[in-house]
Amino acid sequence: MNGRKVLQVARYEYRVHVRRGGFLLATFGLPALSLLILIVIQTATGRAAFRTLVVGDLSRPIAVVDQARALPETLPSPFTYAPDIDQGRTGVREGRYGALVVIPPDYLEARRVVVYVTSSLTFGLQVRDAVKFLMAYAELRNRYTPLEVQRLIQGPEAEVVLLGVSPEREHEGRGRPFVGIALSFLFYFALFPSAGYLLQSVAQEKESRIMEILLSSLTPMELLWGKVLGLGALGLTQVAVWLLFARMALERLDPAHAFLRAVSEMLRRPDPQLMVAGLVIVPLGYLSYALLMAGFGSLGNNLRESQ
Amino acid sequence: MPAVVEIRDLVKRYDGFTAVDHVSFTVAPGCVFALLGPNGAGKTSTIRVLMGILFPDEGEARLFGRAPHEAREQVGYLPEARGLYRDARLDELLVYLGTLKGLSTAAARQRAMTWLARLELQDRAHHKVHELSHGMQQRAQIAAALLHDPPLIILDEPFQGLDPLNIQLVKGLILELRNQGRTVLLSSHQLAHVETLADEVALIHKGRIVLQGPLDTLRRRFARGDLAIRLKDGAPLPGDLPLQRAEERNGTWYVVPQAGVIAREIMQRLLQAGADIERFEVVYPSLEEIFLQAVEGAFPGGEE
Numbered sequence: 001m002n003g004r005k006v007l008q009v010a011r012y013e014y015r016v017h018v019r020r021g022g023f024l025l026a027t028f029g030l031p032a033l034s035l036l037i038l039i040v041i042q043t044a045t046g047r048a049a050f051r052t053l054v055v056g057d058l059s060r061p062i063a064v065v066d067q068a069r070a071l072p073e074t075l076p077s078p079f080t081y082a083p084d085i086d087q088g089r090t091g092v093r094e095g096r097y098g099a100l101v102v103i104p105p106d107y108l109e110a111r112r113v114v115v116y117v118t119s120s121l122t123f124g125l126q127v128r129d130a131v132k133f134l135m136a137y138a139e140l141r142n143r144y145t146p147l148e149v150q151r152l153i154q155g156p157e158a159e160v161v162l163l164g165v166s167p168e169r170e171h172e173g174r175g176r177p178f179v180g181i182a183l184s185f186l187f188y189f190a191l192f193p194s195a196g197y198l199l200q201s202v203a204q205e206k207e208s209r210i211m212e213i214l215l216s217s218l219t220p221m222e223l224l225w226g227k228v229l230g231l232g233a234l235g236l237t238q239v240a241v242w243l244l245f246a247r248m249a250l251e252r253l254d255p256a257h258a259f260l261r262a263v264s265e266m267l268r269r270p271d272p273q274l275m276v277a278g279l280v281i282v283p284l285g286y287l288s289y290a291l292l293m294a295g296f297g298s299l300g301n302n303l304r305e306s307q
Numbered sequence: 308m309p310a311v312v313e314i315r316d317l318v319k320r321y322d323g324f325t326a327v328d329h330v331s332f333t334v335a336p337g338c339v340f341a342l343l344g345p346n347g348a349g350k351t352s353t354i355r356v357l358m359g360i361l362f363p364d365e366g367e368a369r370l371f372g373r374a375p376h377e378a379r380e381q382v383g384y385l386p387e388a389r390g391l392y393r394d395a396r397l398d399e400l401l402v403y404l405g406t407l408k409g410l411s412t413a414a415a416r417q418r419a420m421t422w423l424a425r426l427e428l429q430d431r432a433h434h435k436v437h438e439l440s441h442g443m444q445q446r447a448q449i450a451a452a453l454l455h456d457p458p459l460i461i462l463d464e465p466f467q468g469l470d471p472l473n474i475q476l477v478k479g480l481i482l483e484l485r486n487q488g489r490t491v492l493l494s495s496h497q498l499a500h501v502e503t504l505a506d507e508v509a510l511i512h513k514g515r516i517v518l519q520g521p522l523d524t525l526r527r528r529f530a531r532g533d534l535a536i537r538l539k540d541g542a543p544l545p546g547d548l549p550l551q552r553a554e555e556r557n558g559t560w561y562v563v564p565q566a567g568v569i570a571r572e573i574m575q576r577l578l579q580a581g582a583d584i585e586r587f588e589v590v591y592p593s594l595e596e597i598f599l600q601a602v603e604g605a606f607p608g609g610e611e
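Going down the list, the protein sequences come from chains A and B.
Position 38, counted from 1, in the first sequence is what the numbering used here calls 38; the numbers after and before it change by one each time, with no gaps.
Remember, the numbering used here sits 307 above the position in the second sequence when you count from 1.
The hints are simulated quantities; they were obtained by calculation from the structure and are not laboratory data.
Hints may be right or wrong, so weigh each one.
[What the hints assert, rightly or not] Reference listing, derived: stretches of chain B covered by chain A, where coverage requires no fewer than 3 residues with Cβ under 8 Å from a Cβ of chain A:
id : region
1  : 377 to 384
2  : 400 to 413
[Stated by the list, open to error] If you want the ones that stay clear, here's a sample from chain B, every Cβ over 10 Å from chain A, calculated:
id : residue
3  : Glu367
4  : Arg389
5  : Asp394
6  : Ala452
7  : Ile569
Given the structure is predicted, the values throughout are model-derived calculations rather than measurements.
Glycine included, each C-beta is placed from N, C-alpha and C at the ideal position.
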């Protein structure tokens, strides 16, 4: 077998398929969309804004009318007292306040507040969280600083540690099984479509009748291995792009969950054992599937028959 | 000089059907050799064995004295079942095919552009294959076969699907290649196209070679002594010529002399009669007529 020719075929197959719309959409569109959804969710839930609420991150102040006298004289940013409900409502309508929070006289019994906003969209989770913070602050201000109150509301970040078979191997339990499963799926979704491209490629070569021209320059094995290598590299490119996107996404996420933390850790410091296992299992899995697909591709006279 | 192509006692069967039946021939360097016969005669199977795409059941095929797969890079091949990647850009595809034949990328690119210009496709270099007409695609495939400057060119049905202009272009190219000292082996079922090209032919029918040899020799061998005579102003032939048959078409007389009468005798009679001769030539049989006669000889009464 001529290795140079195998590489030529691999290079050509890679270059042809890497420019296909379907591949570009799957490689960049899918993770970009996921990233976008994550950002939207994050923004909508307002976690980032809530985290910096005490330094006045909201664009406009939130007016407060405290009829229950539950709050201190000085409010933490971005809260400010409005003279009364009417003036507070006017301020909201005129855009001077982002919202008006009225704490009714029976607040301590009823535990209800009234929030005035100009649009239901304005009263998003950011304001809801802000109000939650304000009321907790009202009750805890004598014992904690605003930052501590915020942390109390936010709750602890729980790190789940799965115990290993021995104290020495304890670190192996940390979210690792989930990472393995996630990586398996990642490789499955990236490499197995590549094997599908192989079926498509062989079938199209038969259908377009270029096969005989190719076979006048190559042996069937050189052609097959070139395709397997080229399309395998294509799958790995997809995995690399997805991992890059995943890393970017994880950096934006609050890694409170053990699984996300484990993935994040794995991306920063890949586990050698996992990598060795991947280097053996993934190519073998891809190879067997790819060869099977090439076989199917060669059976039919055209793409439809082969599929 | 050793033969460029050598086929000895080749047999190829498909599920018990014998497509090629003990075929043998050799092709000398620098000649145009035509493998002729109707569809299904066994031409393509023979060529596929030569290209190492099929393996023979019996006999052997050799290129430049070597096994076919060892001589791949010395052969330019235009298959009968041909096509190109539809979505590929023409220049990129040619470069790829050139590199598969052992050229460097730079050399393949340079040769691709040269051949595209030679085949009047230079302005289509950046087009995708599916944007080209059928004739253009055929020419592009010929360019792909010649890109690496091979000493042997094998063209399976090169005229198939071509319009008259493209047929002339391909014929000119084949003669040009022969004049450069390259060997061309072509197959065709359109015998008329090959008449002016081939130095040597092998006529194949039902998997067997029924006749082979230099085209001139075969023509003389099968010539019946027919003559084409044209006299000035379309004048009629003198009445006392020793002819079996005479037929006039567009002012030219096609005549069959009586048995034992040779052309020189007819010419002398014409001169003696004072005829003003504009044309006088021996009419050789066409390849088609030779083929039919050869088949009749090999398979009398159509038996197999």
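Okay, the hints, checked on the actual structure:
1. 377 to 384: holds (count 4)
2. 400 to 413: Since three or more residues must qualify, the claim that chain A covers the region 400 to 413 of chain B holds, with 5 doing so at under 8 Å.
3. Glu367: Holds: least Cβ distance 19 Å, greater than 10 Å.
4. Arg389: Non-interface label on Arg389 (chain B) violated, nearest chain A Cβ at 6 Å vs cutoff 10 Å.
5. Asp394: violated (8 Å)
6. Ala452: violated (8 Å)
7. Ile569: holds (49 Å)
This entry does not satisfy hints 4, 5, 6, going by the numbered hints stated previously.
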